[in-house]
Amino acid sequence: MKFAPSLFEVRNLYFTRQGNEILKSITFSIPPGDYCAIIGPNGGGKTTLVRLLLGLEKPDSGEISLFGTAQEKFSAWNRIGYVPQRSALVDASFPATVREVVAMGRYASRGIFGFESTQDKEAIDEAMELMGVADLRDRLIGHLSGGQRQRVMIARALSSRPEVLIVDEPNTGVDVESQHRFYELLRHLNRTKFVSILFITHDIGVIAEDITRVLFVNQTLLLSQNPHEMIRCDEMSRLYGNPSHVVCHNH
Amino acid sequence: MLEMLDYPFMQRAFIAGLMIAILASLSGSFIVLRRYSLLSETLAHVSLVGVSVGLLLGFSPLWMAVATSLAASWLIEYLRSSRGLYSDSILAIFLSGSLALAIVIVSLSGSFNASLFSYLFGSILSVSNDDLITMGIFGSLSMILLLLFFKELYFIAFDEEVARTSGLRVTLLNFMLVSIIAVIIALSIRIVGTLLIGALMVIPPVAAIRFGLGFFKTTLLSIAIALVCVVIGLTLSFFFSLPSGAAIVLCLLGAFVFALVVN
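If you read the protein sequences in the order shown, they are chains A and B. Taking my numbering, the leading residue of the first sequence gets 164, the next gets one more, and so forth. Taking my numbering, the leading residue of the second sequence gets 188, the next gets one more, and so forth.
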């Protein structure tokens, strides 16, 4: 019997920056279909961990494999969609329409001689429809609200039809209504489109209902496959090192 | 007015000028969007070192300008991407450093001659047939590379990090872009001059961006602005005996002010 390889498999990962130990002894794996939240205090190494997974930083030691392939040999980057922290902060005058930004997600797979194929056009239209930005296709990205820009950036990540979506602190500077729509969308992607989700958040309460796994990162890693147990107030207080009160809410 | 085209030197100046207008404004779009506008100015100053060495030692100033500009562009990109230095600081160091070096070399030659003056400010009389052939070969190569990697360079200008995670070879493409810019600048100094070529790269995209269009349309508009200004600038240069580079840059400034007022 064959098992599908993990999306991400990390073994004994160490990372230092300018002599400071940022991450140490990190080991975990994330199976396909997961809805995984990465939580932890500021400066704990959450974003660094994601950057290491994506090859944007090089670890001091340890192994990372993506879809069963060692990271240094991995080339199918279109299987991963990435929306970085503060990606919605775009220069207001940047000359890019919504359609042009979403189309960027297809560039790597088109190759240097590749013109936009019917399949590319369909994927771009589908991503814009899914994110509710199709009506904004000819608008400049810099002229949109924070919530609209955020949806465009996720549409760009989805246009490559990824199997996993990585989102770093998605709701920075976004209004409550947009946050609500965002979490609805993540649930929809995970449950009906079978896109695995890995996202960094500070909003611990909102992750309670949907997630299947929590990675608590604070230099080291604590993995929980029972998120509801993990976000109990006393457990959170112990992890964060100060009294915490967790409010579980429907966004 | 069209009688100016009866002169072979004006024909050469127009061919070279139009070629440079397209190349400079197209490549300039990427550096403007990356807040890297001073790269063109810096490489222009660096190419002045090559020109000075060429004039001093009797080598081709154009080829020496290409060589020094290319070497500097690679070093600047290496320092920016691999050594974590601030890009504006690196550019400031190279800009003033190369100018100082050029001045020392010129002073060693004993005189600040007329030949160097034409490289500083451009001269429509100085474009030879050999220059046109060189510009044609390297200009075509640069153009092909810019068009082939147009969409990738655009993605990098918009979000370098996400472009990297999508599988694009960002480091290689960045080195390619600065190399193309270095070559275009070195080729342009006959017409526009080392001190003014930066304007031809930066002003057309900046003016075009003011119209609030998408990237493809902005790039086309930027090229159109550069072409019109080069034609007007060269014409003014012919009729009023002005340095061609200065005349072109003043036209570009007029286009920028117009874009600013209209938008």
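Because the hints were derived from the structure by calculation, they are not lab data. The reader is advised that the hints may include incorrect statements.
Stated by the list, open to error - The following label-pair restraints were derived from C-beta to C-beta distances:
hint, chain 1, residue 1, chain 2, residue 2, range
1, A, Gly218, B, Ser327, 32 to 40 Å
2, B, Ile324, A, Ala239, 49 to 57 Å
3, B, Val444, A, Thr383, 53 to 61 Å
4, A, Leu219, B, Lys404, 28 to 36 Å
5, B, Leu359, A, Tyr177, 38 to 46 Å
6, A, Ser188, B, Ile324, 30 to 38 Å
7, B, Gly399, A, Gly277, 22 to 30 Å
8, A, Gly206, B, Arg356, 56 to 64 Å
9, B, Gly271, A, Pro204, 52 to 60 Å
10, A, Gln181, B, Gly441, 46 to 54 Å
11, A, Asp366, B, Leu334, 40 to 48 Å
Every residue, glycine too, gets a C-beta built ideally from N, C-alpha and C.
Legend entry - Range hint compliance [Cβ, Gly218 (chain A) to Ser327 (chain B), 32 to 40 Å]: 35 Å, holds
- Does the hinted range 49 to 57 Å hold for Ile324 (chain B) and Ala239 (chain A) at CB? Distance hint for Ile324 (chain B), Ala239 (chain A) is violated at roughly 38 Å.
(request) Confirm or reject the claim that Gly271 (chain B) and Pro204 (chain A) have a C-beta distance inside 52 to 60 Å. (result) 26 Å, violated
*Using the Cβ atoms, figure out if Ser188 (chain A) sits within 30 to 38 Å of Ile324 (chain B).*
Given about 57 Å between the Cβ atoms, the range is violated.
**Prompt:** Does the Cβ-Cβ separation between Gly399 (chain B) and Gly277 (chain A) fall within 22 to 30 Å?
**Reply:** Distance hint for Gly399 (chain B), Gly277 (chain A) holds at roughly 29 Å.
Problem set entry | Hint check for Gly441 (chain B) and Gln181 (chain A) - Cβ pair distance inside 46 to 54 Å | 49 Å, holds
- request: For the range 28 to 36 Å, tell me whether the beta carbons of Leu219 (chain A) and Lys404 (chain B) fit it or not.
  value: The hint (28 to 36 Å, Cβ to Cβ) holds, given that Leu219 (chain A) and Lys404 (chain B) are roughly 32 Å apart.
ask   = How does the Cβ-Cβ distance of Leu359 (chain B) and Tyr177 (chain A) compare with 38 to 46 Å: does it lie in that range?
value = Since Leu359 (chain B) and Tyr177 (chain A) have Cβ atoms about 29 Å apart, the given range 38 to 46 Å is violated.
Mind checking the hinted window 40 to 48 Å against the Cβ distance between Asp366 (chain A) and Leu334 (chain B)? 45 Å, holds
Is 53 to 61 Å right for how far apart the beta carbons of Val444 (chain B) and Thr383 (chain A) are?
59 Å, holds
Q: Confirm or reject the claim that Gly206 (chain A) and Arg356 (chain B) have a C-beta distance inside 56 to 64 Å.
A: Check failed, 32 Å falls outside 56 to 64 Å.
The structure is inconsistent with the numbered hints 2, 5, 6, 8, 9, although it conforms to all the rest.
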